[in-house]
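Colleague: Going line by line, the protein sequences match chains B and D.
Residue numbering for the first sequence follows the working numbering, starting at 1 and increasing by one per position.
Residue numbering for the second sequence follows the working numbering, starting at 1 and increasing by one per position.
Do not take every clue at face value.
What the hints assert, rightly or not - Stretches of chain D that chain B covers, calculated by requiring three or more beta carbons in the stretch to come under 8 angstroms of a beta carbon on chain B:
id: 1; segment: 12-18
id: 2; segment: 170-177
id: 3; segment: 197-206
id: 4; segment: 281-294
id: 5; segment: 329-336
Simulated from the structure, these hints should not be mistaken for laboratory data.
Remember, predicted model here, so these are calculated numbers, not experimental data.
A virtual CB, placed ideally from N, CA and C, is assigned to each residue, including glycine.
Protein chains: 2
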Amino acid sequence: MSRENIEATLVASNANIYYTTGRFFKGFVYIPMGSDPIWFIIKPDIFDKEDDVVIIRKPENIPGKLKELGLELPATIGLEFDTMSYSDIERLKAVFPDSVPLNASSSLRKARMVKTQWELDRMKEDGIHQSEVYRRVTRCYKEDMTDVQFQIEIERILRLEGCLGFVRTSGNLMDINLGSVIAGENADVPSPYDFTMGGSGIDPSLPGGANGTTLKPGQSVMIDMNGSFNGYQTDMTRVWRLGELPSLAYKAHDCSINILRALESIGKPSTPVADLYNKAMEIAEANGLAEYFMGHRQHASFIGHGVGIELNEQPVVMAKSRDILLENMTIALEPKFVIPEVGAVGVENTYVVTSTGLKSITIFPEEIQEL
Amino acid sequence: MSRENIEATLVASNANIYYTTGRFFKGFVYIPMGSDPIWFIIKPDIFDKEDDVVIIRKPENIPGKLKELGLELPATIGLEFDTMSYSDIERLKAVFPDSVPLNASSSLRKARMVKTQWELDRMKEDGIHQSEVYRRVTRCYKEDMTDVQFQIEIERILRLEGCLGFVRTSGNLMDINLGSVIAGENADVPSPYDFTMGGSGIDPSLPGGANGTTLKPGQSVMIDMNGSFNGYQTDMTRVWRLGELPSLAYKAHDCSINILRALESIGKPSTPVADLYNKAMEIAEANGLAEYFMGHRQHASFIGHGVGIELNEQPVVMAKSRDILLENMTIALEPKFVIPEVGAVGVENTYVVTSTGLKSITIFPEEIQEL
Numbered sequence: 001m002s003r004e005n006i007e008a009t010l011v012a013s014n015a016n017i018y019y020t021t022g023r024f025f026k027g028f029v030y031i032p033m034g035s036d037p038i039w040f041i042i043k044p045d046i047f048d049k050e051d052d053v054v055i056i057r058k059p060e061n062i063p064g065k066l067k068e069l070g071l072e073l074p075a076t077i078g079l080e081f082d083t084m085s086y087s088d089i090e091r092l093k094a095v096f097p098d099s100v101p102l103n104a105s106s107s108l109r110k111a112r113m114v115k116t117q118w119e120l121d122r123m124k125e126d127g128i129h130q131s132e133v134y135r136r137v138t139r140c141y142k143e144d145m146t147d148v149q150f151q152i153e154i155e156r157i158l159r160l161e162g163c164l165g166f167v168r169t170s171g172n173l174m175d176i177n178l179g180s181v182i183a184g185e186n187a188d189v190p191s192p193y194d195f196t197m198g199g200s201g202i203d204p205s206l207p208g209g210a211n212g213t214t215l216k217p218g219q220s221v222m223i224d225m226n227g228s229f230n231g232y233q234t235d236m237t238r239v240w241r242l243g244e245l246p247s248l249a250y251k252a253h254d255c256s257i258n259i260l261r262a263l264e265s266i267g268k269p270s271t272p273v274a275d276l277y278n279k280a281m282e283i284a285e286a287n288g289l290a291e292y293f294m295g296h297r298q299h300a301s302f303i304g305h306g307v308g309i310e311l312n313e314q315p316v317v318m319a320k321s322r323d324i325l326l327e328n329m330t331i332a333l334e335p336k337f338v339i340p341e342v343g344a345v346g347v348e349n350t351y352v353v354t355s356t357g358l359k360s361i362t363i364f365p366e367e368i369q370e371l
Numbered sequence: 001m002s003r004e005n006i007e008a009t010l011v012a013s014n015a016n017i018y019y020t021t022g023r024f025f026k027g028f029v030y031i032p033m034g035s036d037p038i039w040f041i042i043k044p045d046i047f048d049k050e051d052d053v054v055i056i057r058k059p060e061n062i063p064g065k066l067k068e069l070g071l072e073l074p075a076t077i078g079l080e081f082d083t084m085s086y087s088d089i090e091r092l093k094a095v096f097p098d099s100v101p102l103n104a105s106s107s108l109r110k111a112r113m114v115k116t117q118w119e120l121d122r123m124k125e126d127g128i129h130q131s132e133v134y135r136r137v138t139r140c141y142k143e144d145m146t147d148v149q150f151q152i153e154i155e156r157i158l159r160l161e162g163c164l165g166f167v168r169t170s171g172n173l174m175d176i177n178l179g180s181v182i183a184g185e186n187a188d189v190p191s192p193y194d195f196t197m198g199g200s201g202i203d204p205s206l207p208g209g210a211n212g213t214t215l216k217p218g219q220s221v222m223i224d225m226n227g228s229f230n231g232y233q234t235d236m237t238r239v240w241r242l243g244e245l246p247s248l249a250y251k252a253h254d255c256s257i258n259i260l261r262a263l264e265s266i267g268k269p270s271t272p273v274a275d276l277y278n279k280a281m282e283i284a285e286a287n288g289l290a291e292y293f294m295g296h297r298q299h300a301s302f303i304g305h306g307v308g309i310e311l312n313e314q315p316v317v318m319a320k321s322r323d324i325l326l327e328n329m330t331i332a333l334e335p336k337f338v339i340p341e342v343g344a345v346g347v348e349n350t351y352v353v354t355s356t357g358l359k360s361i362t363i364f365p366e367e368i369q370e371l
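Model the full assembly from the supplied sequences, consistent with the hints where possible.
Modeller: Dropping the structure here:
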């Protein structure tokens, strides 16, 4: 905040209210530079009054309440320009007519990139639950199932394991149900969303993921199902197969694993994020697999992303990234390949950046497994 | 648009792209007043070129493409101020530096209130699927289940029936998984969200709905599970019970049904929406049930809402509404009561406004059923 001359930030988005309080309420978190945050709560009225909690009816009450608390109004006010609606921001600007409004989205995103030990503990817990679900994936399969039916059984065991059933994402282009199961040619259908993989979905209103393909021999089945168990998330992909796949599919899957091993060792604090992308692309090219890398008919421009409260956080692992890895960042890396007529292959893990390299918190065998 | 002097609208939100095209893509729909919309698509590149489709890389390409098509740039441009982020709107304003930016959110919301026959057909289809799922709810129950376990089995049959597994909502205060199952005292826990009913949820990051309550005799179990099967939605609630409930619960449930019957007959084109709210409140008060109506510890200020592409559309059925019912509006009415220590009771149906009154499209027995 201080680097950007923001004297106070007024947090209003769901993800950032949760980030700054560990709770969720309808209201605002006011964060003056250098002192404790104040929770301005509209509803519900269920908080302990000992906390720094002020009940309000609407945001217009905030300046008066600040004055009652003996606080001066800030000369500059940070607001979440990138996530709050234009109308909401205009309203909040009018609440602080004498404060210069500045965009606080970037500083909040940057703060959230590096996790505290409390956050890392939540995410490790997610990784354990998610792996436990993946251990039961094979049992969800029955012959002649469609990809959708298979996904539904995985959703059920996810939920029974404690998954909240709700995927918190950032931005407009991340509509998704509880994850993505893509099989066979459906993997090669381009999607409008900002996920690495596509699929046509079962309805034009949600054109991504499983599309009703009947699972049959010669197909890969990529499982990228949600890991939200506690307000944080892990992101994890493994691949199953029906019968044998062409050798190209195994070669590409091995290449994905090799890319992860290479990135795990170079992914230390102070490594440019772009180096991870470039190294991955270099290995894919050296193996003659560039045309299948990160899609075939349509290629994603990134191979990974930050993950935490939201499924897609900063940094984005892409060629033009200017971010630098920092200790305790958490990133999901997903070097994947789409093999025409076969499906998608590749592995995704969620990693913590440590002084010795990337440490996976989504531990589960990485080879292609048979259904 | 013409009433608000909007010469052209640039639609960018997911729900409105779907509304104006019946598809979803990353891009924009440009709607000049009085002529056909133009689809500006960033990705995916899978559309027929015969359509009015123009491929772009970024919104800054739009003015040049309009000129190529022989179109003048508009004097005023409608943008979705209420749903697009402040940063996105600032960017689009800069794309049209000589056009006066106006808020198109309201006119789009108003247009979407009244459904076309195509839309009504989709919603009737949703209602049939959702009722089919409710027919199987009793079979999902097993003794000593928790509300969460019960919900998971209902989610599974919803998905097997074709539910997309994704609830499209409007605004920040509508985080939800596939619906709400609330039992016993959990019904009386206030939530921060803009749903009529509360519940604590199973994690502070998603404080709504089922909370792990073990289902036991003397409890009502309110089922308000999602009806999204095709880009549109219906909204429907029914109540089950374990053993017998106190007579107050049955009385309140009957009152909910009586309220619906009364509103169905007065809900004709040209009826003020506020009349529906006031009539419902009048009946609840006449029955001595006001303290339980629309919540007990915390009361919702509305008894229904528009429904369509998004679960919560206009109009909102509340005392201060200035909307007037129009033929082929679709609204969900949910007069509900929270009975302390018992749970929630009441019925919710989705209705079409017709010349003879409200016609339900969520047809299923309304009495409390035994589990």
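Colleague: Go through the numbered hints given earlier and state which of them the structure violates, listing their numbers in rising order.
Modeller: Hints 4 and 5 contradicted; others consistent.
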